[in-house]
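Novice: Given next are the chains, with one letter for each unit.
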Amino acid sequence: MELERITVALRPRTAREAVDLGAAMLRAHARTVWSAWFAFSLPVAALCIALGWLLHWPWLATLLIWWLLPLFDRVPLYVLSRAVFERAPRWRETLRGQRQWRWGGTIASITWRRIDSHRALRLPMELLEGLAGKQRGERWRVLRRPIGTEASSLAFGCLELVLVIFLGLFLSVVLFIPAELMPDWVRGSVGGVARRTPEVTGALIAGVAYLAWSAIEPLHVAAGFALYLNRRTQLEAWDVDLAFRRLRDRWLAAGRAAAVLLLALVCACPHGAWAQKVAAPKKEEAPVTRIEDAFAVPASNSDKRFATAAAEAFRDPRFGGAHKDHTWVPRNWSWNPKPVQLGRSPFEGFGNVLAIGVKGLLTLLLIGLIVAIGVYVIRRARMPVIAAHTRGDAKLDTHLETIEVQEVLPDDLAGATHRLWSGGHRREALALLYRGCVEQVAAALQLPVEQDATEADCLRSARRLGDTQRRQRAEAIVRAWQYAAYADRYPRDEDFARLLDGWPARHGSAA
Amino acid sequence: MTTESPSPALAPEPPAAAVSALPFDQLMARIASLREQVARAFIGQEQVFDEVLLALLAGGHVLIEGVPGLGKTLLVRALAAAVSCSFGRVQFTPDLMPTDVTGHAIYDPKAERFQIRRGPVFANLLLADEINRAPAKTQAALLECMQEGQVTIEGRRFPLPAPFMVVATQNPIEQEGTYPLPEAQLDRFLIKVLIDYPTLDDEKRMVDEVLSGRVAADLDVSRVNPVLSQPELLALQQGVAELRVDAAVIDYAVRIARATREWPGVLGGAGPRGGLALVRLARAQAVLDGRDFVTPDDVRAVALPALRHRLLLAPEALIERQRPDDVLKALLHKVAAPRQ
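Protein chains in written order, with the working numbering: chain A, -14 to 496; chain B, -12 to 327.
By construction, these hints were calculated from the structure, which means they are not laboratory data. Predicted model, so just to flag it, every value in this text is computed and none were measured. A portion of the hints provided could be inaccurate.
[Unchecked claim] Output of the computed footprint for chain B on chain A, the stretches with three or more beta carbons under 8 Å from beta carbons of chain B:
{"#": "1", "segment": "108 to 121"}
{"#": "2", "segment": "463 to 477"}
[Said to hold, decoys possible] Per the computed footprint, the stretches of chain B lying under chain A, defined by three or more beta-carbons under 8 Å from a beta-carbon of chain A, are:
{"#": "3", "segment": "20 to 27"}
{"#": "4", "segment": "279 to 291"}
Cβ atoms here follow ideal geometry from the backbone N, Cα and C, with glycine treated the same way.
Produce the complete structure using the sequences and hints provided.
Specialist: See below:
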């Protein structure tokens, strides 16, 4: 490791000073960091926004971008880790360099460790050291022990900064830009008609959120990297090592000067026989700084140096050898208290149990959340449009209490409608048919079903259908529903059967 | 004060007898002829006329807000001429007294007793011009008339002639020296109509028709022929009142009215009269659309004129230049329409 080539002043710092160092590193390499960041993350973010737009899930883009942040974090870390020892790589080199790094840690970060608040500290350890298995766990415990809280505070601080920027951008648009100067699509999104343009609103929110994360996430990574450097400086005495190296260099330089002086004195003496040309001393090759040496990342699979170094480090009692045990000792337990026997306290392991319990609970919550999202997505995929009234907070206090009102339309809507009609529940049958018609028209026009949409809205939408037959049938259904619901005039059985003619057997498929 | 109808001292009128409703087809025919006749004098502003017509059919009172010179008086006079009923007009001023509106007892030295002199309020159609120029006490004199259809003078109750409709106007731009209508009085108006400048075509047509062969540009309602008698108007109103309203529609109207009370930015929402007004006006709207039943669309169509004067916006909303119509549009977007 060529520590003398390091471009930052190494000394043990407090965690806050280390975070300042990270910010300074980021400022020094801002251009390369952000150019690489945008080159890597912008296409992915655009893809997420397009996906949310196409699937009509306005929230999906923001969620996906947030979810993929650990993936984006690789980019600033790559730039900064190289910039510390070498020159900062350009964005093309950065993108190419991603192939050298392992993906296991990143996959973990975007799956079961997505809500890890120590991500910025863990990232350099996983990507730069490349440890695996038990060694990685031991290494992580050593690294995290005194600065885990600071790493969490850093994560929450950055989260707050993101929120401030995100809200600030929105509020600056809403408060400071006159409405008449705003484009219609922006005004429509922020002006209370977001329900009519959910895709635009979702894309706008995702775009602004992406900008906020782009501003703060590199800072998060840089500060975490500086914490990591500082921790290694503390652990491995990099500053002392560096001081000795520089002392050695100075002594070597002084020794060379003394040797030259001695040689000059010797040469001043007349020794003709020695007047032959003395070969110039072989110049020592300039040390080549390699990032693999600094961070022990194997350059290739065949390079076993890291394995050896890691194994040695792992055997070192300083790694994981230090323990701090906390035990509860009751006050005034005895006038002659016996020496505290570690591990025999009645509260032994209470903190650990508590921590494991909380961790398990959070893990269960995360799993539950993922399962709920999965179920929701599957249900949405089965139904093109969710029934409007299930989204509405105001529910109709229906007077048809005897009939169970189906919240979600049945797959076989025609069959269900027919059964209701045959059972004498004519109003319920027509209501079901009308709701199916509303959703079918909305799906055909690729519009969301508005909860406030009335029969007139449905008729207006139906008139926009290109298919004449579908348009006429939709109009007939709406009219039949209107007369039944509000005038108590029901169609005859044959007219009702005609309304059902050609209705898709499965709800959601095109008629 | 200007009174255009004689107000002789008369004995109290007996209450109106039960009115039978007109058949629906006749009802539609009468409304069509009423439209036609009023349109002869009142050019353009179809929406304003429709909203006033809604109130007339629903048997409610109208508050019209608009700058002077847009034909408010002409509209009421044309309506009175088409309906063939008495018309009274009161120009509200700061020194107007309540008795100038309702009437008062006057001592007759010859008969040596007090006689009741009825005010201009004793008319079928009363135009209360610039109602916000009179102090609250005078405005309040209209409360009893509008709500109960009667006037109390010297302890005696005098029912107002049926049908009775107050059309009040107020100017939105000259607010200095005015007395904003109290909430209680605003609630008595079934509908608030906003009248704006006519469109270019309507204005050209109006200038052409008013000035053709005439020297003065005064109001001319002589071309309006009466097409409805008072009993027929009462039968018309009864026909509208008997229109079928499904429980789901009533539920929708009440939910809209209640939502105004919980909406952010609204200090005071519509009271129970708001829901009543919505249903009454929705019935009239259904008739205007040629239907003998009421749909949620009718409720939504009348929600703005029926509720805009019943909302008291919070100062924050006023600072943001929000209007009651903006709030109501957003609110309507939130209230789920009946589908079951």
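Novice: Indicate, hint by hint, whether the structure satisfies it.
Specialist: Hints, one by one, checked against the model:
As drawn, the segment 108 to 121 of chain A meets chain B at 0 residues by the rule of a beta-carbon pair under 8 Å; below three, the given contact is violated. With 6 residues having a beta carbon nearer than 8 Å to a beta carbon of chain B, the segment 463 to 477 of chain A meets the requirement of three or more and the stated coverage holds. With a cut-off of 8 Å between beta carbons, the segment 20 to 27 of chain B has 0 residues touching chain A; three or more are needed, and the interface restraint is violated. For the segment 279 to 291 of chain B, the proposed coverage by chain A is satisfied: 7 residues have a C-beta within less than 8 Å of a C-beta in that chain, meeting the threshold of three.
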